[in-house]
Amino acid sequence: MFVLNDTPIDPSVLAARLDRVLTEPAGHRYGVHMQNPGAALPALLYLRAQKAGVFPIHADIPAETALAMAQAAGCDVMLSDGLKQVAIPQTDSIPRGGVLVQMSSGTTGAAKVITRTWAEIAVEVESYAAFFTASAAMTPVIACPVTHSYGLIAGVFVALYRGHVPVIIDSLNPKYILRRLRETGQPLLYTSPAMLHTLARLMPAEQQLYAANTSGTVLPDSWFQLIRSRTTHLFQQYGCSEAGCVAINQDLQHPTDVGRPLPHVTLTAGHNDTPEVIRIIAKGQTIDTGDLGHLNTDGMLIFTTRADDMINVAGFNVYPQDVEQAAMALPGVSDAVAFRITDPHSGARVGLIYAGNAAEGDLRQACRSTLADYQQPALIRHLPALPRQANGKISRREIAAQYAPTETAEAVPA
Numbered sequence: 017m018f019v020l021n022d023t024p025i026d027p028s029v030l031a032a033r034l035d036r037v038l039t040e041p042a043g044h045r046y047g048v049h050m051q052n053p054g055a056a057l058p059a060l061l062y063l064r065a066q067k068a069g070v071f072p073i074h075a076d077i078p079a080e081t082a083l084a085m086a087q088a089a090g091c092d093v094m095l096s097d098g099l100k101q102v103a104i105p106q107t108d109s110i111p112r113g114g115v116l117v118q119m120s121s122g123t124t125g126a127a128k129v130i131t132r133t134w135a136e137i138a139v140e141v142e143s144y145a146a147f148f149t150a151s152a153a154m155t156p157v158i159a160c161p162v163t164h165s166y167g168l169i170a171g172v173f174v175a176l177y178r179g180h181v182p183v184i185i186d187s188l189n190p191k192y193i194l195r196r197l198r199e200t201g202q203p204l205l206y207t208s209p210a211m212l213h214t215l216a217r218l219m220p221a222e223q224q225l226y227a228a229n230t231s232g233t234v235l236p237d238s239w240f241q242l243i244r245s246r247t248t249h250l251f252q253q254y255g256c257s258e259a260g261c262v263a264i265n266q267d268l269q270h271p272t273d274v275g276r277p278l279p280h281v282t283l284t285a286g287h288n289d290t291p292e293v294i295r296i297i298a299k300g301q302t303i304d305t306g307d308l309g310h311l312n313t314d315g316m317l318i319f320t321t322r323a324d325d326m327i328n329v330a331g332f333n334v335y336p337q338d339v340e341q342a343a344m345a346l347p348g349v350s351d352a353v354a355f356r357i358t359d360p361h362s363g364a365r366v367g368l369i370y371a372g373n374a375a376e377g378d379l380r381q382a383c384r385s386t387l388a389d390y391q392q393p394a395l396i397r398h399l400p401a402l403p404r405q406a407n408g409k410i411s412r413r414e415i416a417a418q419y420a421p422t423e424t425a426e427a428v429p430a
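Residue numbers (our numbering): 17 to 430.
If you are wondering where the hints come from, they were derived from the structure by calculation, not from laboratory data.
Note that the structure is predicted; figures quoted are calculated from it, not measured.
Ideal Cβ positions, reconstructed from N, Cα and C, are used throughout, including at glycine.
Be aware that one or more of the hints could be misleading.
Label-pair ranges, simulated between beta-carbon atoms [to be verified]:
no. : residue 1 : residue 2 : range
1   : R295      : V129      : 17 to 23 Å
2   : T248      : N21       : 23 to 29 Å
3   : T248      : A416      : 36 to 42 Å
4   : D76       : H287      : 42 to 48 Å
5   : G43       : T302      : 27 to 33 Å
6   : A138      : Q381      : 38 to 44 Å
7   : A31       : E222      : 42 to 48 Å
8   : P105      : H361      : 50 to 56 Å
9   : Y192      : F332      : 44 to 50 Å
10  : R217      : D389      : 33 to 39 Å
11  : D76       : E142      : 27 to 33 Å
12  : T248      : A31       : 54 to 60 Å
13  : V102      : E142      : 32 to 38 Å
The calculated DMTMM-like cross-link candidates involving lysine to aspartate or glutamate, where the alpha carbons are at most 20 Å apart (straight line), are [claimed, not checked]:
no. : residue 1 : residue 2
14  : K100      : E142
15  : K191      : E222
16  : K409      : D338
17  : K409      : D273
18  : K128      : D304
19  : K128      : D108
20  : K128      : E80
21  : K409      : E258
22  : K299      : E258
23  : K191      : D22
24  : K128      : E414
25  : K299      : D35
26  : K67       : D186
27  : K409      : E376
28  : K409      : D324
29  : K128      : D97
30  : K100      : E136
31  : K67       : E136
32  : K100      : D35
33  : K409      : D351
34  : K299      : E142
35  : K409      : D314
36  : K409      : D237
37  : K128      : D324
38  : K128      : E258
Put together the whole structure using the sequences plus the hints.
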């Protein structure tokens, strides 16, 4: 059972219909593209139980695009509203059942198809539930897409494994989300960093979020300070598309402290405050996350940056968040993103875009006061709002392509 907005849903009702219309589902990989989430999630749960292959596709994606995505993901059937089935031609003969298919976020490159077996996901769910003891008695309220692993696996699957009845909200109205949280006993909110920030800004001063979980990106410091002050229990989880959730922080006090490893994995990273590539070792396989970080003496994973976001200025490593934190320490800067721009003399320099009412000259002076010479932004540009995605993520490559000068000489001298 689960609750969709205000309506209890019994998945067994749809399961009985699916039993009649699907033939040997374990041998197929289904693209599930439905406008009705009250049918989409029960269909997914049924297909998981039948050991079918499943590729959940967000309802907002146009039908033609969804069909093309399903074909690229190796699906041989598209399942849509009314349990309509459309055959998808595939030329290969690979096994199609037994997996959950998802797409990587695409923020660091072209999105790619990721497949994980239901057995692998079951190990993650069991490990997550056993390790995340602080949330054991809480009721998940999932205000994010259940087509994504964060809402689906960490939210829905873990809730059902624990015997909870999760509340799934498909509305982006923050006032409605706040109402449903008030109506739920010990609610644990799964949502995007951007929505958490919005809720924290809208809440009356005397109110608190009971519990919230964040994932997908490190919270900008100003967002973190506000959210932390308005949330009684604040959690962070870390992972990647290929491995799912691999670390959880059960008492988030600093945004880069992304979590301690779950029991089913081993993490390797830097030590002694020196960042190195974060790698995940599970079932004898090693996954390179493309992130940089280190493990502190208490076993906490400290996130530094994406490896390809690091800026090498004449042999010196510049981490974007160091520049961003310096910028956002200035009153009047509400958001900031540092990125790489090319330079014929040093190889690269730092670019910086920011939002807020601070003057560019004041921001440059603040950077000179707190950053080393090689960290100084060669370009500073003010924008009304920064191009963050709905979950708070940014693509530094897209920002560089849009805002970096075409000629280095156009950059403002440091």
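Against the structure, the hints:
1. Between R295 and V129 the beta carbons are some 22 Å apart, a value that agrees with the proposed interval 17 to 23 Å.
2. Distance hint check: the CB atoms of T248 and N21 are about 24 Å apart, consistent with the given range 23 to 29 Å.
3. Look at T248 against A416: about 39 Å separates their beta carbons, and that is inside 36 to 42 Å.
4. The supplied range of 42 to 48 Å is met by D76 and H287, whose beta-carbon atoms lie about 43 Å from each other.
5. One distance hint, 27 to 33 Å for the beta-carbon pair G43 and T302, holds here, with the actual separation near 32 Å.
6. For the hinted restraint 38 to 44 Å between A138 and Q381, the CB-CB distance of approximately 55 Å leaves it violated.
7. Remark: the range hint 42 to 48 Å for A31 to E222 is upheld by a beta-carbon distance near 45 Å.
8. Checked against the hint of 50 to 56 Å, the C-beta distance between P105 and H361 comes to roughly 54 Å, which is consistent with it.
9. Judged by the Cβ atoms, the range 44 to 50 Å given for Y192 and F332 holds: they are separated by roughly 48 Å.
10. Evaluation of the 33 to 39 Å hint for R217 and D389 yields a pass: the beta carbon distance comes to about 37 Å.
11. Restraint check, D76 to E142: a C-beta distance of roughly 32 Å satisfies the suggested window 27 to 33 Å.
12. Roughly 37 Å separates the CB atoms of T248 and A31, a value that falls outside the hinted 54 to 60 Å.
13. A hinted range of 32 to 38 Å holds for the C-beta pair V102 and E142, which are about 35 Å apart.
14. As the CA atoms of K100 and E142 are separated by approximately 34 Å, the hinted pair breaks the 20 Å bound.
15. Proposed proximity of K191 and E222 is supported: the alpha carbons are some 16 Å apart, at most 20 Å.
16. For the suggested pair K409 and D338, the alpha carbons sit about 17 Å apart, so the restraint of at most 20 Å is met.
17. A distance of roughly 17 Å separates the Cα atoms of K409 and D273; the hinted pair therefore holds under the 20 Å criterion.
18. Taking the CA atoms of K128 and D304, the gap is about 15 Å. The hint holds against a cut of 20 Å.
19. Distance check on the hinted pair: K128 and D108 sit about 18 Å apart at the alpha-carbon level, within 20 Å; holds.
20. A hinted pair counts as satisfied when its Cα atoms are at most 20 Å apart, and K128 with E80 qualifies at roughly 19 Å.
21. With a C-alpha separation of about 18 Å, the suggested pairing of K409 with E258 holds against the 20 Å cut-off.
22. With a C-alpha separation of about 13 Å, the suggested pairing of K299 with E258 holds against the 20 Å cut-off.
23. Distance check on the hinted pair: K191 and D22 sit about 14 Å apart at the alpha-carbon level, within 20 Å; holds.
24. For the hint pairing K128 with E414, the CA-to-CA distance comes to about 18 Å; that is within 20 Å, so the pair holds.
25. Distance check on the hinted pair: K299 and D35 sit about 34 Å apart at the alpha-carbon level, beyond 20 Å; violated.
26. For the hint linking K67 to D186, the alpha-carbon distance of about 26 Å lies beyond 20 Å, and the restraint is violated.
27. Taken as a hint, the K409 and E376 pair is broken in the structure, with Cα atoms around 24 Å apart against an allowance of 20 Å.
28. For the proposed pair K409 and D324, the alpha carbon gap of about 15 Å is at most 20 Å, so the pair holds.
29. A C-alpha spacing of about 26 Å is found between K128 and D97, which places the hinted pair above 20 Å, so the restraint is violated.
30. With a C-alpha separation of about 29 Å, the suggested pair K100 and E136 falls outside the 20 Å cut-off, and the hint is violated.
31. Restraint check: the Cα-Cα separation between K67 and E136 comes to about 13 Å, which is no more than 20 Å; the hinted pair holds.
32. Taking the CA atoms of K100 and D35, the gap is near 14 Å; set against the 20 Å cutoff, the hint holds.
33. Between K409 and D351 the CA atoms are separated by roughly 13 Å; this keeps the pair inside 20 Å, and the hint holds.
34. A hinted pair counts as satisfied when its Cα atoms are at most 20 Å apart, and K299 with E142 qualifies at roughly 15 Å.
35. Using a Cα cut-off of 20 Å, the hinted pair K409 and D314 is violated, with the two alpha carbons roughly 28 Å apart.
36. Of the pairs offered as hints, the one joining K409 and D237 holds, with about 14 Å between alpha carbons and a cut-off of 20 Å not exceeded.
37. Taking the CA atoms of K128 and D324, the gap is about 17 Å. The hint holds against a cut of 20 Å.
38. A threshold of 20 Å between alpha carbons decides the hint, and for K128 with E258 the separation of about 10 Å falls inside it, so the pair holds.
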